[in-house]
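Given only the sequences and the hints, what does the whole structure look like? Please build it.
Heads up: the sequence shown runs through residues 27 to 169, numbered per this note's numbering.
With beta-carbon atoms standing in for the labels, derived distance ranges:
#, residue 1, residue 2, range
1, S159, G41, 19 to 27 Å
2, N121, N96, 29 to 37 Å
3, A64, N121, 13 to 21 Å
4, G156, N111, 18 to 26 Å
5, D142, F55, 33 to 41 Å
6, S70, L134, 20 to 28 Å
7, N111, K35, 19 to 27 Å
8, A113, E147, 18 to 26 Å
No more than 25 Å apart at the CA atoms, straight line, and that leaves these computed lysine to aspartate or glutamate pairs for DMTMM-like:
#, residue 1, residue 2
9, K160, E144
10, K90, E60
11, K59, E105
12, K123, D150
13, K66, D76
In case anyone wonders, no lab produced these hints; they're calculated from the structure.
Heads up, the beta-carbon is just placed ideally off N, CA and C, and yes, glycines get one too.
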Amino acid sequence: MSGLTEYEKREFQAGFALLDKDKDGLLTFEDLKEQMTALKFGFSDQQILDLILVATGNKDGKVKYDEFLNRFIHKDQNELEKEINTAFEIIAEDNAKISKHHLRDFFLSMGEKTTDEELDEIMDMAGTGGKLSKDEFIKMLHV
Numbered sequence: 027m028s029g030l031t032e033y034e035k036r037e038f039q040a041g042f043a044l045l046d047k048d049k050d051g052l053l054t055f056e057d058l059k060e061q062m063t064a065l066k067f068g069f070s071d072q073q074i075l076d077l078i079l080v081a082t083g084n085k086d087g088k089v090k091y092d093e094f095l096n097r098f099i100h101k102d103q104n105e106l107e108k109e110i111n112t113a114f115e116i117i118a119e120d121n122a123k124i125s126k127h128h129l130r131d132f133f134l135s136m137g138e139k140t141t142d143e144e145l146d147e148i149m150d151m152a153g154t155g156g157k158l159s160k161d162e163f164i165k166m167l168h169v
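Dropping the structure here:
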């Protein structure tokens with residue numbers, strides 16, 4: 027995909043792999059429903075099917091990596107800011123900052139186990155003193 031750095035390509039590949047629970051190279055309704063539930067999005071089955079349709083433009087119910095990538099690289103800045111704000115609110119659970127505990131819960135909900143050392147490293151990289159503000163969260167995401 028043109029316009030993306032190698033780092034960005036790796037990040038999108040990692041995000042896709044995280045969502046692709048059965049590792050078949052496709053995001054299915056089941057993959058997305060599991061992740062939407064874990065992230066407490068509260069999407070109905072129809073909303074998830076609509077997301078798949080928007081991403082793919084067809085009704086086969088499967089999102090390939092290139093479709094996934096194309097869906098996200100064409101976002102305008104306002105859309106991106108809304109999604110970052112939503113992610114921050116979900117992870118922070120209505121607090122002003124994301125704690126190490128919130129970050130651990132978030133990673134667990136995504137099926138990723140993290141050690142205290144890994145979480146400390148994330149917090150240290152963002153230079154937060156133990157809690158991430160929204161600005162620090164955005165800085166950590168390199169957006």
